[in-house]
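Please put together the full structure from these sequences, using the hints given.
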Amino acid sequence: MGISRRKFLGWFGGGLSATAVSTANNVIAGSNHHFKGHPDTMGILHDINRCIGCRKCEEACNKVNELPKPEKPFDDLSVLDQKRRTHADVYTVVNQFKVDNKNVYVKKQCNHCMEPACASACFVKAFKKMPNGSVLYDESVCVGCRYCMIACPFNIPAYDYDSALSPKVTKCTLCYPRVKEGLLPGCVEICPKEALIYGKRNELIKIARQRINKHPNQYIDHIYGEHEMGGTSWLYISGIPFSEIGMREDLGLKSAPELTSGPLSAVPIVVGLWPVLLTGIYAISKRKDKVAEEEKQEAVEATQKDADEKLQKEIAKLKQQASKEKETAVKREVEKALEQAAKEAKQKSEEKAADAASEKKEDE
Amino acid sequence: MEQPTSRISLKPAMTPFNIILGIILTIGFVLTIIRFTSGLSAVTNLDDNNPWGIWIGFDLLCGVALAAGGYTTSAACYLFGLKRYHSAVRPAILTAFLGYALVVLALHYDVGRPWRLPYPIFWQQGTTSLLFEVGLCVFLYLTVLLIEFTPAAFEWLGFSKLRDIIVKLTIMLTIFGVVLSTLHQSSLGALYTIVPSKLHPLWYSGYLPVYFFVSSIFAGLSMVIFEGSLAHKFLHHKMDETHLKESKGVVLGFGKAASFIMAGYLSIKVIGLAIDNNWHYLFTGYGAWYLFELIGFVALPSFVYAIGVREKNIRLIQWTAAWTVLGIVLNRFNISLIAFNWQLPSSQRYFPCWMEICVSLFIVAIGIVVYRFITSNMPILYEHPNYRNDH
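Taken in sequence, the protein lines are chains A and X.
The first sequence stops at residue 378 when you use the numbering used here, and every number in between is there.
The second sequence stops at residue 1247 when you use the numbering used here, and every number in between is there.
These are computed hints drawn from the structure, not numbers from a lab.
Hints are not guaranteed to be accurate.
As the list claims (entries may be wrong) - For the chain X half of the interface with chain A, some residues (derived, Cβ under 7 angstroms), not all of them:
| id | residue |
| --- | --- |
| 1 | F892 |
| 2 | T893 |
| 3 | G937 |
| 4 | R940 |
| 5 | W971 |
| 6 | Y975 |
| 7 | F978 |
| 8 | S985 |
| 9 | T1038 |
Glycine included, C-beta positions come from ideal geometry on N, C-alpha and C.
And the structure:
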């Protein structure tokens, strides 16, 4: 038991230190550190006011990602009648909203969060935020648990439900392969209205701010994506409140890792404290049993002793009584004997006297 | 009681129950083939907005919660020193082991590439994920449960030396089991802390991990009572005198503990409501549903448990246990399915396909068959004559 416990503690320590090292490399959960994103990270600004809903970006996306052709061609604008989302073979969609009898078009795709929920949620690290802004997915390790889809606040990652044995999660890559070759993302390149601008995120925020300041009556004073869920690489400006055009404004400013850091940080504490607590409870209950056992023993012994003493006393008393009785009996016997002896002596003397008298009579 | 001399007893008796089991197993077998040849879309109603259905909501969340009897019972007996519950430990460990094994089996249906399930543990660890935490703990705990279960198998097989070695590790294994259970029971709740925007505020809380952990304790206790009542009905002849003598005490003791813990759970739920200031939601439709769960399946059973214990009404406690188990299922369904994606229009909401339900039933049926086989052959409900008075 001793050896196994020592071994056990060794493994335990090893595991703990490994965890400590691996977390130190990745996350700084505590204290007042704040992750501001990779320096010079890139992004795209979507000026919703400029979008005309031509679906050219959808077409370009389909082409550069070599996705299967959709049933209805991209120039068929009747698909805009329905609200759509991303799917396994659709990385981006444009949705149409009618606000005050005016059509508003909003492009939807992965927002490439600064601190992505999908990457934080993935238990096999299949997602990675690249320094240039892209959030990339690695199919070669993906188990297909779909927790990334649960976690994503924008409902973006899609899954290959039709594939029996090799389903994968799909989403926009911010055209990572094209950008690496010095090309623009497919959607940005094709946009005929410059509703999409690719650039450094910091610069894009400045541009967005300028447009809002220059035309305060055309834009609402909010850059969507600057702070939402800890900020995203995609940024949006619009003349219509975002909540009216299918973009949630109640997501909060906390990034996904911040939401789970509390429960995660409780894990090592439980690992450290629970064995102490439980061993303590075990020791207490065992000790209690032992004490109870001892007390029982003591009580039994005490009773025994008590009984013994009583018995001894009783015996002594009896003995005393017996000896007393014996004494009196002896005394009585002696007295009796003496009495007897006296009686006999008396009798003898009387007899003697009688004899003497009769002898005297015979002599006369 | 039978002598455990016969090695295996396979009696394919044609009782109605067995026939239904057989039908479910056959359907499940066919659905298994469809699942692994045509993909999830062929057998489920899952979609991109609803990636988790009842295979997660029921098989994983409820499966793990209801298998909590293993750690609660062994902790009560071995760590808290309540030795009069000793005869309840083996059935509880067996159920827990089977429960977890079936959870892992069910996951093979749900995830896309089941043969990669060991990846997060052995290949590339996503340490920032609560699902990693769940996976690691379930893997380790399944191992612990397997080891805790082996003495019964070794007694059956006659490997007494191996059995003695494992029995010596009992305390360490129990502590290990409680640590791991605390972690993954709570982490299952913590999975949902990442989605404040998708889970209804009445169910979303920073305390989700605590709620899941605490509710797993009374889920486990209730499951031991509930399962015990079933075992008494169908496996009475397998129980020895000790088991029968102690079982009333187990029901009373566990009922009392469950009542008490449920009262505590109720109070921390109300505290969570107050901290997030969610009172106004109580007056909505979801609020009514929330109160239905909290009052109808926590407050009331807690109260009825207390009455049952006071009046020593075993029957009442057993019914309350089934009621509480149902409440746990309701709670896990609410969090994973009903209150999840509550803001989506009803046309985009999830409802399970009949084939999904059949696969879940199939998994439960496998559990019943294996449980029956093991309790019929191994010393679970009775003590092996060679090892009596050995604890």
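Which constraints among the numbered hints does this structure fail? Numbers only, ascending. The structure breaks hints 4, 5 and 7; every other hint is satisfied.
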